[in-house]
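Asks: Residue numbers (the numbering used here), protein chains in the order written: chain G, 1 to 360; chain U, 1 to 261; chain R, 1 to 415.
The hints are simulated quantities; they were obtained by calculation from the structure and are not laboratory data.
Cβ coordinates follow ideal geometry from the N, Cα and C atoms, glycine included.
Take these hints with a grain of salt, some might be off.
As the list claims (entries may be wrong) - Ranges of calculated distance between the beta carbons of each label pair, as one might list FRET restraints:
#1 U:D145 x R:M234: 54 to 60 Å
#2 U:R120 x G:F34: 19 to 25 Å
#3 R:N67 x G:C40: 41 to 47 Å
#4 U:D84 x G:I54: 53 to 59 Å
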Amino acid sequence: MQSDIIKQARIEIQRKSALNAEKKKRKDKIVRLFFFFITCICSLIIVIVAGFIIIKGLTPFFKIYTENGHTGSMSFSYFFTGLQFNHGYDQETGTFMYGVGFLVVNTLYINLISYIISIPTSILTSLFIARIAPKPLKKIISTGVDLLASIPSVIFGMFGLGVIVPLVRSIGRAMGLAGTSGISLLAGAIILALMSMPTMISVMVTSLNAIDESQIKASLALGASKTQTNFKIALKNAKSGIFAGIILGIGRALGEATAVTMVTGSPIYGITANPFDPTVTLTTQMLLAIGEATPNSLNYDARFSAGLVLLVIIILINFLLNNIKDIVCSIDRKPSKAIIFLKQLFTNFRNPCYDLKKLK
Amino acid sequence: MEINSTQLEENKEEVVFKIKDLNLFYSNKQALKNINMNIYKNKVTALIGPSGCGKSTFLRCLNRMNDLNDECKITGLIEYEGQDIKDMNTILLRTKVGMVFQQPNPFPMSIYDNIAYGPRCQGLKNRATLDEIVVTSLKEAALYDEVKDRLRKSSLSLSGGQQQRLCIARCLALGPDCILMDEPTSALDPIATSKVEELIAELKENYTIIIVTHNMQQATRVSDYTAFFMLGDLIEFNKTEEFFSHPKEKKSYDYITGRFS
Amino acid sequence: MTLKSLNNEAIFEKKKRFRERVKDFFSVTSTYIFSSFTLIALIAIIVFIFSRGYSTLSWDFITGDYNPTTYVIRTDTESDADRLDNTFDYTPREGEYFSSLWGIGFMDEENNVGEKIVIISYVDPNANINNIVDADNNPFTIEAGTTVNSALLYNDEGRVSIRIDKGAQEVAKRFDECPYILQMSLTTGGDGIRGSFISTLYMIGITMVIALPLGISAAIYLGVYAKENKITKMLRNMIDMISGIPSIIFGLVGGIIFLPIVGGNGNLISGSLTMAFMILPLIIKTTQESIKTIPKSLSDASLALGASQTQTTFKVILPNSLPGILTSALLGISRVIGESAALIYTSGVAILDTVSPTQGSATLAVHIWSLMSGETQNYEASCAISIIILIIILVLSIIIKLISFITERKKRRRG
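Start from the sequences, fold in the hints, and give me the full structure.
Replies: Structure representation (structure tokens):
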């Protein structure tokens with residue numbers, strides 16, 4: 001059946017294969033190494049970013065700067081307790097006073113208000129999309145959420161300035177706050193909520209769609225109404241997904257800069273509790289008047305300190321929420337060692353005789 | 001594990017694969033236990049046994065496809081034409097020992113490119129030769145008449161049986177000595193199956209074929225030798241006629257007579 | 001008695017049912033209300049942007065310069081053509097004031113920043129303005145739509161200075177009185193976004209050239225080569241962590257790394273490098289997902305045919321993950337288009353008309369930031385840019401949906 005040409009060709013193939021096999025193996029190794037190298041470079045970005053933020057963020061405490069005829073480094077105590085980002089030079093201690101601590105309070109406060117808006121809205125919306133809505137509505141709203149997610153933050157900021165700010169102003173005026181301009185903490189919180197909601201909703205909807213249908217049927221079979229099932233069983237089953245969504249949304253809200261800066265104004269100092277007052281947060285302070293700060297000046301480097309604080313806050317909150325998620329979601333599972341330890345700690349705290357009893 | 005050594009010595013056949021004390025472990029589970037057997041040139045050897053008995057795993061050892069699995073550890077010796085395959089280059093080994101998989105898996109390219117893939121990978125660029133190889137391989141796989149006027153069409157437009165024969169043709173294009181088939185007909189309908197079986201009978205003249213099958217009738221139809229695996233053990237290895245007419249082991253007898261499957 | 005208690009129980013049961021039903025109704029209604037909240041927000045944003053920006057959006061806006069061109073013109077006294085012995089007839093529209101001596105109509109208007117200006121709204125085709133020259137003594141033709149900044153006229157009695165802030169009526173009246181122009185400043189164009197548009201394109205191009213090869217290589221390593229061990233897990237976690245870093249931090253770090261290299265307030269290259277860092281995890285993740293969906297049997301088949309791993313990667317895996325790569329690129333592009341915080345630090349906020357990669361200039365999103373963060377806000381131009389950005393992003397996401405739809409259909413056909 002085989003013609004001579006084919007026999008020749010096949011012998012040729014086998015010969016070439018034998019000839020090149022070793023070379024190919026070597027090439028494979030090189031290519032693999034190359035891809036590994038690139039992957040290492042990509043993953044090193046996180047090290048570079050974290051390294052620069054940490055080093056540059058800590059530099060102002062140690063380096064001696066000369067500005068406006070004064071020399072000194074950044075004051076450590078004012079950094080945490082001060083109420084103004086740039087408070088000038090302190091003759092007594094010979095340090096520059098840059099405050100960041102109050103920015104942390106403002107950041108957490110504005111975020112808290114935004115979560116009060118965004119978390120319930122996201123949970124109910126995702127429940128609606130995943131379980132309650134009739135099909136056409138479901139499609140419309142989930143497309144809307146997708147679109148909202150793809151809107152750049154600077155457009156949110158513009159929308160905030162053009163629509164939310166006047167809205168807040170009129171609410172404020174109606175409440176008797178004549179001086180409010182609408183550029184305020186509340187407007188910032190609303191914008192933050194709008195921006196973090198799509199992230200939350202999409203994660204929550206995914207987890208609500210993935211829940212075990214048999215649980216739902218069991219609940220319905222036990223005589224619970226459809227709504228009761230949706231609110232009790234579905235939400236309970238998707239708990240870990242809902243938490244994951246909240247964590248992602250909070251991450252986005254904490255790091256948001258441009259949109260918030262546009263609607264919260266730029267007061268120079270202070271902590272404000274009134275939602276109708278302008279406020280300044282970590283991210284907005286980093287962005288404010290960046291054009292006037294020259295690189296390697298203290299004003300510029302202090303922004304790295306603020307960035308470092310922001311990163312630490314994000315990591316801490318992530319860590320905290322993940323632990324809470326583990327605790328809340330592990331009702332059936334065995335508690336982790338850390339939780340057992342904590343529980344023991346608290347029991348010991350409440351009952352000093354605990355150890356003694358154990359000893360006996 | 002005892003093999004009737006006198007029986008095998010009588011065979012004057014040329015040995016292609018010689019397997020000695022082969023053990024295979026998946027992380028902590030032993031999937032193959034002390035396998036000893038020979039595979040003879042230009043014969044069809046069928047590997048049968050209940051599912052999960054290690055027959056496919058054994059087949060994948062022969063062209064070192066198990067290397068791709070990190071958790072897989074192999075001890076023992078497999079010789080291919082007198083050479084330990086552990087020392088062989090896998091690329092070279094796999095050009096000599098082709099493989100056909102359970103599910104037809106043509107590349108999402110044209111029929112022509114599918115068959116030319118192997119030769120091209122070995123650096124064959126001459127168009128005329130490639131054309132010749134494609135046509136001959138398709139003829140050998142008894143597919144040429146069905147596809148000759150649509151060689152440039154996507155291979156995914158073929159039916160399941162045609163796709164599987166395309167995969168066989170793709171494998172033949174390299175001019176291997178030996179073809180491993182891992183349940184090649186399990187995803188096919190009866191008509192396609194009979195076509196593939198006919199093909200195997202034809203290919204026997206030029207190639208050594210090792211075929212895994214869960215279908216005992218198929219083993220009797222196509223194979224010269226049969227190896228019966230169970231739970232990682234090679235229970236019995238013998239000529240197909242003798243295996244099915246006078247099984248030496250009780251387990252083989254039970255399996256053939258359908259006591260368990 | 002038993003009957004009564006049974007009856008009571010039935011009533012109680014009925015009440016309970018009713019209460020439950022009311023509760024259910026309120027629960028369901030609350031989800032309706034809250035989910036409409038999202039929709040309302042979206043609609044509000046779109047309506048706001050379109051209503052404010054639609055009138056500004058035009059081809060001239062997209063292709064025009066941002067910086068307006070200013071001309072200084074005067075009557076050429078050396079030419080001896082007899083001047084202005086005729087008058088022009090024109091019925092002015094409402095709000096328009098016509099100078100019959102010059103044949104030019106003036107109109108009051110507000111610019112995008114909200115200042116009152118006077119524009120030339122009509123020029124008679126036969127208006128005798130040929131004697132007017134610009135600063136270089138070249139003949140100048142006045143066109144409708146230019147803004148009058150200032151004008152100093154004269155007649156036989158002497159000079160007449162025109163107060164622009166008094167409005168178009170006053171301007172037209174004074175023009176009728178004076179047959180000669182001593183000095184007049186006109187402004188045309190401006191507010192266009194061509195420069196920002198081009199820098200956005202540059203930014204996308206350079207970012208993709210850097211990020212795609214790196215991202216695809218990393219995705220191939222993680223999806224094809226990497227063994228499941230601690231190092232792989234660590235690499236994967238590190239790449240995941242990148243996506244959790246806020247863009248403003250990327251801006252700070254990008255600034256401190258790249259600005260000393262490129263100098264000044266950064267340029268498009270330093271901005272693109274920063275953006276490439278930012279979108280890498282996105283590209284790696286999306287590409288890796290698509291590599292994961294390639295059936296293992298394909299790469300097995302290729303290896304069983306004696307192809308080397310490299311050949312398998314480039315001939316089987318890469319072509320089959322092309323839809324994923326394309327999707328990741330499009331996602332990356334929409335990210336670049338929308339980014340502002342990181343670019344404010346790394347490529348500057350200056351809006352330029354002639355753009356080169358070695359200069360720092362604003363992209364479309366940063367252009368909006370520049371327009372909005374000043375003393376006065378230019379909503380019209382910002383909204384018009386927003387419309388453009390939204391349309392681009394919408395088109396990109398439709399393409400992404402189309403790609404996934406086509407690949408799904410192919411997969412279904414194959415399966």
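Asks: State for each hint whether it applies.
Replies: Going through the hints against the structure:
Separation of D145 (chain U) from M234 (chain R) is about 56 Å and conforms to the stated range, judged on CB atoms against 54 to 60 Å. Taking 19 to 25 Å as the suggested C-beta distance range, the pair R120 (chain U) and F34 (chain G) conforms, at roughly 23 Å. For the hinted restraint 41 to 47 Å between N67 (chain R) and C40 (chain G), the CB-CB distance of approximately 46 Å keeps it satisfied. Checking the proposed 53 to 59 Å range against D84 (chain U) and I54 (chain G) shows it holds: the Cβ atoms sit about 54 Å from each other.
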